[in-house]
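Heads up: the sequence lines are chains A and B, in that order.
Heads up: take any position in the first sequence, counting from 1, add 10, and you land on our numbering.
Heads up: take any position in the second sequence, counting from 1, add 10, and you land on our numbering.
Any given hint might turn out to be false.
Straight-line distance between alpha carbons at most 20 Å, and here's what the computed EDC-like set of lysine to aspartate or glutamate pairs gives [as the list claims (entries may be wrong)]:
(1) B:K167 - A:D109
(2) A:K167 - B:D59
(3) B:K246 - B:D59
(4) B:K167 - A:D59
(5) B:K154 - A:E51
(6) B:K159 - A:D59
(7) A:K170 - B:E60
(8) A:K74 - B:D109
(9) B:K167 - A:E166
(10) B:K56 - A:E166
(11) A:K16 - A:E71
(12) A:K44 - A:E71
(13) B:K170 - A:E166
(14) B:K74 - B:E14
(15) A:K191 - A:D109
Calculated from the structure, these hints are not laboratory results.
None of the values given here were measured: they were computed from a predicted structure.
Number of protein chains: 2
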Amino acid sequence: MPQEDKIVVHWLNFSRAQRIIWLLDELNLSYELKIYERTKEYRAPKELDEVHPLGKSPVVEITKPDGEVIQLVESGWIVQYLLENYDVDGKFKQANAQDSNQVNYFLHYTEGTLQPLLVGLLVNQMATKVPPFPANWIAGAVVKGINAKYYGPELEKNLKYLNGIAAAQHAKGSKYMVGNKLSGADIILSFPIVSIFTTGRSVHPTVIQEFPELYKYYQNLSQEKGLKDVDEKVAKHERSPLKL
Amino acid sequence: MPQEDKIVVHWLNFSRAQRIIWLLDELNLSYELKIYERTKEYRAPKELDEVHPLGKSPVVEITKPDGEVIQLVESGWIVQYLLENYDVDGKFKQANAQDSNQVNYFLHYTEGTLQPLLVGLLVNQMATKVPPFPANWIAGAVVKGINAKYYGPELEKNLKYLNGIAAAQHAKGSKYMVGNKLSGADIILSFPIVSIFTTGRSVHPTVIQEFPELYKYYQNLSQEKGLKDVDEKVAKHERSPLKL
Chain A
11 MPQEDKIVVH
21 WLNFSRAQRI
31 IWLLDELNLS
41 YELKIYERTK
51 EYRAPKELDE
61 VHPLGKSPVV
71 EITKPDGEVI
81 QLVESGWIVQ
91 YLLENYDVDG
101 KFKQANAQDS
111 NQVNYFLHYT
121 EGTLQPLLVG
131 LLVNQMATKV
141 PPFPANWIAG
151 AVVKGINAKY
161 YGPELEKNLK
171 YLNGIAAAQH
181 AKGSKYMVGN
191 KLSGADIILS
201 FPIVSIFTTG
211 RSVHPTVIQE
221 FPELYKYYQN
231 LSQEKGLKDV
241 DEKVAKHERS
251 PLKL
Chain B
11 MPQEDKIVVH
21 WLNFSRAQRI
31 IWLLDELNLS
41 YELKIYERTK
51 EYRAPKELDE
61 VHPLGKSPVV
71 EITKPDGEVI
81 QLVESGWIVQ
91 YLLENYDVDG
101 KFKQANAQDS
111 NQVNYFLHYT
121 EGTLQPLLVG
131 LLVNQMATKV
141 PPFPANWIAG
151 AVVKGINAKY
161 YGPELEKNLK
171 YLNGIAAAQH
181 AKGSKYMVGN
191 KLSGADIILS
201 FPIVSIFTTG
211 RSVHPTVIQE
221 FPELYKYYQN
231 LSQEKGLKDV
241 DEKVAKHERS
251 PLKL
């Protein structure tokens, strides 16, 4: 049966939106990709405000055959909605209720706990590098203090937590976060996990040594064909306006 | 039928956990309340680390008659789980799929977008008041810069967005965020909305004048019997170790 619903993804470069494209591909759904580029201050451009009042990315717009339009924002909710409505072959169906609950939990955890810590660190990092902030030791020292007192220890706690879950999964012979197949949990976690082991290393220089099971998880994740395909698809738009 | 599942709520004073108690009361569920008090640095105490590795509150523990224990964290997920599993009378059942989706969206939005901005502002506010940060104008100026550049405008955008939704609901004769009855959306939003109009006013002094529809929503929400009952229930434990 040809896909009846028309899907548009509003996508900002260097954003959490990659994950949604990955999931749409895994679900064999067709979609139109609308691309937006960051401003020189690393923010979303004004055009995204016309798509959704919060000017966020990703935004998924689904047009039903009867003309009804459903607009989805919040990555965790988008993943939940797509899995609930479009996994017609049960590719992402979990083996039991516990695993299914665990996937849903990760959809909330990733965006509600892990990602805000990384955003807080990024905002503080930018505070020492981007006008109108002075690139001097005073701003640096205050930001360092805030990071040392709050964001650093909180991130550490989360890395340890995730490392423990990855260890338990590896011990069971699974390279995924829940059960033993790719799930929404891996897809939602991919963005922060990749950023922790690439751009995030300046925040925590010994992340690979201290959290080897999470690093192994990251390595396996980065070899997922679906993720590699998406990376390739969007590579030509991934020009960062800032060296962070 | 007497309630078969045993429910324990691990609750930190001055935290997002009030909402879970409110929902449990609305669902007529019995639960045991375990209370934890904040440290003098306004953080969760170490004992919460023994409940869950992230040391978070709220944590809900459900023990099934067969001994299975389900541990729930992340407020959005806890609300989703409780509504999916314990709304036996359909008290929170929505009128249609659109409203049901909108409630689920708010469970992600509140914790994934709105609350992290308030946490970021709180962390920065503490950075100028709590040791080891210096309570001086340098830290204050840097923090003010970060707030002016990121947290302030983002919060403004969200307040405008929520004010618009409240306005549309009020125009339809509803005092709630979705449909025309109390839902998980109101319960999850209650904590940040209350804090915006009480503790948050220093961040945005004209919040009442600029966002009158959201203020009206807040006023109605604060008159909800269930919320007032919870406030009364926990009032004796609500001692803040800090004047913020």
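Hint by hint, here is what the structure shows:
A distance of roughly 36 Å separates the Cα atoms of B:K167 and A:D109; the hinted pair therefore is violated under the 20 Å criterion. Using a Cα cut-off of 20 Å, the hinted pair A:K167 and B:D59 holds, with the two alpha carbons roughly 10 Å apart. Proposed proximity of B:K246 and B:D59 is contradicted: the alpha carbons are some 24 Å apart, above 20 Å. Restraint check for B:K167 and A:D59: satisfied, since their Cα atoms lie roughly 10 Å apart, inside the 20 Å limit.
Annotation: proposed proximity of B:K154 to A:E51 holds, straight-line Cα distance about 18 Å (limit 20 Å). In summary, the hint linking B:K159 to A:D59 is supported, as the alpha carbons are separated by about 18 Å, within the 20 Å threshold. The suggested pairing of A:K170 with B:E60 holds, with an alpha-carbon distance near 14 Å, which does not exceed 20 Å. The hinted pair formed by A:K74 and B:D109 meets the criterion: a straight-line CA distance of about 17 Å does not exceed 20 Å.
Simply put, B:K167 and A:E166 have alpha-carbon atoms about 31 Å apart, too far for the 20 Å limit, and the pair is violated. For the given pair, B:K56 sits about 15 Å from A:E166 by alpha-carbon distance, which is consistent with the 20 Å threshold. With a C-alpha separation of about 8 Å, the suggested pair A:K16 and A:E71 falls inside the 20 Å cut-off, and the hint holds. Between the alpha carbons of A:K44 and A:E71 the distance comes to roughly 11 Å, so the proposed pair stays at or under 20 Å and holds.
For the given pair, B:K170 sits about 34 Å from A:E166 by alpha-carbon distance, which is inconsistent with the 20 Å threshold. As the CA atoms of B:K74 and B:E14 are separated by approximately 7 Å, the hinted pair is consistent with the 20 Å bound. Using a Cα cut-off of 20 Å, the hinted pair A:K191 and A:D109 holds, with the two alpha carbons roughly 11 Å apart.
The structure shown violates the earlier hints numbered 1, 3, 9 and 13.
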